[in-house]
Amino acid sequence: MSRKPRIIFPVHIRLQRHAQVALSSLGRLSRNALSSLMTCAVIGIALALPVGLHVMLHNLQQVSGSWESGASISVFLKQKVSEEQAASLAEKLRKHQRIQEVQLITRSDALQEFQRQSGFADALQALDYNPLPNLLFIQPKTDFTTAEKAQQLVQELRLLPEADIVQLDLQWVRRLQAITIIAQRAVVVLTALLSMAVLLIVGNTIRLEIQNRRTEIEITKLIGATNAFIRRPFLYTGFWYGLFGGLIAWSLVALAISLLSGPVATLAQLYQSSFDLSNLDATTALILLGGSSLLGLLGSWMAVGRHLSAIQPS
Amino acid sequence: MIHFDNVSKRYPGGHTGLSHVNLRIDAEEMVFLTGHSGAGKSTLLKLIGLLERSSAGQVHVNGRNLTRLKNRQIPYHRREVGMIFQDHRLLFDRTVFDNVALPLVVSGLGHKEIGRRVRAALDKVGLLHKERAAPVTLSGGEQQRVGIARAVVSKPPLVLADEPTGNLDPELSQEIMNLFSDFNRVGVTLLIASHDIALIRGMNKRILTLSNGALVADSKTETVDVT
Numbered sequence: 056m057s058r059k060p061r062i063i064f065p066v067h068i069r070l071q072r073h074a075q076v077a078l079s080s081l082g083r084l085s086r087n088a089l090s091s092l093m094t095c096a097v098i099g100i101a102l103a104l105p106v107g108l109h110v111m112l113h114n115l116q117q118v119s120g121s122w123e124s125g126a127s128i129s130v131f132l133k134q135k136v137s138e139e140q141a142a143s144l145a146e147k148l149r150k151h152q153r154i155q156e157v158q159l160i161t162r163s164d165a166l167q168e169f170q171r172q173s174g175f176a177d178a179l180q181a182l183d184y185n186p187l188p189n190l191l192f193i194q195p196k197t198d199f200t201t202a203e204k205a206q207q208l209v210q211e212l213r214l215l216p217e218a219d220i221v222q223l224d225l226q227w228v229r230r231l232q233a234i235t236i237i238a239q240r241a242v243v244v245l246t247a248l249l250s251m252a253v254l255l256i257v258g259n260t261i262r263l264e265i266q267n268r269r270t271e272i273e274i275t276k277l278i279g280a281t282n283a284f285i286r287r288p289f290l291y292t293g294f295w296y297g298l299f300g301g302l303i304a305w306s307l308v309a310l311a312i313s314l315l316s317g318p319v320a321t322l323a324q325l326y327q328s329s330f331d332l333s334n335l336d337a338t339t340a341l342i343l344l345g346g347s348s349l350l351g352l353l354g355s356w357m358a359v360g361r362h363l364s365a366i367q368p369s
Numbered sequence: 006m007i008h009f010d011n012v013s014k015r016y017p018g019g020h021t022g023l024s025h026v027n028l029r030i031d032a033e034e035m036v037f038l039t040g041h042s043g044a045g046k047s048t049l050l051k052l053i054g055l056l057e058r059s060s061a062g063q064v065h066v067n068g069r070n071l072t073r074l075k076n077r078q079i080p081y082h083r084r085e086v087g088m089i090f091q092d093h094r095l096l097f098d099r100t101v102f103d104n105v106a107l108p109l110v111v112s113g114l115g116h117k118e119i120g121r122r123v124r125a126a127l128d129k130v131g132l133l134h135k136e137r138a139a140p141v142t143l144s145g146g147e148q149q150r151v152g153i154a155r156a157v158v159s160k161p162p163l164v165l166a167d168e169p170t171g172n173l174d175p176e177l178s179q180e181i182m183n184l185f186s187d188f189n190r191v192g193v194t195l196l197i198a199s200h201d202i203a204l205i206r207g208m209n210k211r212i213l214t215l216s217n218g219a220l221v222a223d224s225k226t227e228t229v230d231v232t
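Chains B and D, in that order, are what the protein sequence lines are. The first sequence begins at 56 in my numbering and counts up one residue at a time. The second sequence begins at 6 in my numbering and counts up one residue at a time.
These aren't lab readings, by the way, just hints derived from the structure by calculation. Any given hint could be a false lead.
Short derived list, chain D residues pointing at chain B, Cβ under 8 Å [to be verified]: (1) R83; (2) G113; (3) L163; (4) S186.
Glycine residues also receive a C-beta, built at the ideal position from the N, C-alpha and C atoms.
Model the full assembly from the supplied sequences, consistent with the hints where possible.
Have a look at this one:
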């Protein structure tokens with residue numbers, strides 16, 4: 056008796072089959088539009104969270120980057136330095152080649168301001184002397200505003216006999232950056248957790264789908280379908296869930312950004328900044344869509360691997 | 006075509022499906038399998054279609070030793086065995102055409118070839134005009150003919166039928182049997198399980214009789230009377 060040779064079908068027929076399965080699984084999703092949409096929305100919301108945070112952090116980094124370049128130095132002078140001495144020191148420093156501008160805040164000005172704003176007016180009046188020092192507020196020239204060069208200038212200013220405390224107002228920018236790094240780590244953790252959630256959502260949806268189509272799977276197995284053939288529509292379904300979930304996440308983030316951008320622009324104007332909230336860039340969007348499709352595929356792969364082999368025709 | 010060598014099948018729990026069955030069916034034969042319900046007719050067919058594996062003994066089908074066939078090779082074996090069931094096992098969310106096309110889709114044929122072959126098979130069972138219909142709108146006899154068209158559409162050398170006329174009246178049953186005879190005339194080997202003694206005697210073909218899992222009579226080697 057002769058054995059039929061296994062037929063290898065040409066590429067275009069196999070591609071045609073894949074396209075057919077992809078479209079028919081899409082059609083199946085659209086027939087149950089509401090429940091499909093709900094699954095995609097759950098995936099979308101889960102993914103929108105880390106992606107949205109990532110975009111916000113990205114914006115924050117841009118802002119703090121521009122702040123760093125505007126670093127200024129505060130020089131608190133010693134108590135014994137008089138206002139006249141402070142004024143002449145300010146004049147001297149204005150000629151310094153690395154300094155753009157020096158603003159003198161005298162101890163009496165500072166006291167008045169402090170009394171006005173702090174609410175400690177009575178307490179301060181009880182003191183018989185002014186405890187506040189004279190302050191020189193120094194803006195380095197633009198060439199010397201990077202953290203490193205500003206630090207050099209700070210060292211130089213510390214050598215002044217009149218100087219008590221010299222403080223580079225970069226500290227809080229640095230702290231902000233440190234917090235940003237923690238937040239970035241948190242985004243990574245959140246992404247990992249919510250990706251797992253997406254895997255489970257897709258896996259569970261596909262598991263239910265497999266149960267619903269049990270008879271169909273049995274019959275196709277009877278007729279000689281390979282596991283790959285039976286797996287294929289479910290894998291495509293998972294892929295579509297992931298892709299549409301990614302698209303929903305994208306639009307949710309875009310919507311949130313456009314809602315925030317108005318108030319943020321107003322706030323930026325108040326700080327004399329032309330900062331504009333930037334949206335999801337193309338690379339991130341591509342990573343989002345690719346990643347979500349992959350998650351969908353993986354989730355359905357896991358479900359299919361576990362549940363399909365359990366169904367055998369009888 | 007089919008060769009059973011001392012084949013036994015025991016189910017978990019101790020129930021015996023088949024015991025020590027020896028059997029040889031040649032290519033292009035048309036054979037009936039009869040016996041009371043629970044005698045092992047379905048088990049025998051299931052072993053051939055590899056829905057079950059034998060507990061002991063060797064089963065050869067179409068030159069293949071099924072005992073040694075790996076699980077991943079089962080689909081390719083099933084494509085060469087057309088199976089027909091009492092309950093038809095049609096997919097009710099698809100048209101008649103799509104049901105009959107399924108074996109061809111599964112083996113990956115192009116859609117032009119599928120269309121040609123499906124229409125040929127539907128024409129043979131007299132349902133060409135119903136290709137767009139949903140299976141639920143068909144009568145029991147028509148549904149069974151869709152099942153038959155599906156079993157033969159990929160031109161398998163062997164067709165198995167388990168009680169194909171179980172739910173049909175005598176006239177329709179006879180029609181189905183005549184259809185099987187037509188397939189047999191063009192070289193298809195058929196093994197048909199049925200307890201309708203009157204019907205299968207009228208066909209004047211080889212009859213195998215099972216009782217409690219054992220092959221008790223074969224009309225090819227002896228005169229049988231099992232009534």
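To test your reading of the hints: which numbers does this structure violate?
The structure conflicts with hints 3, 4, although it agrees with all the remaining ones.
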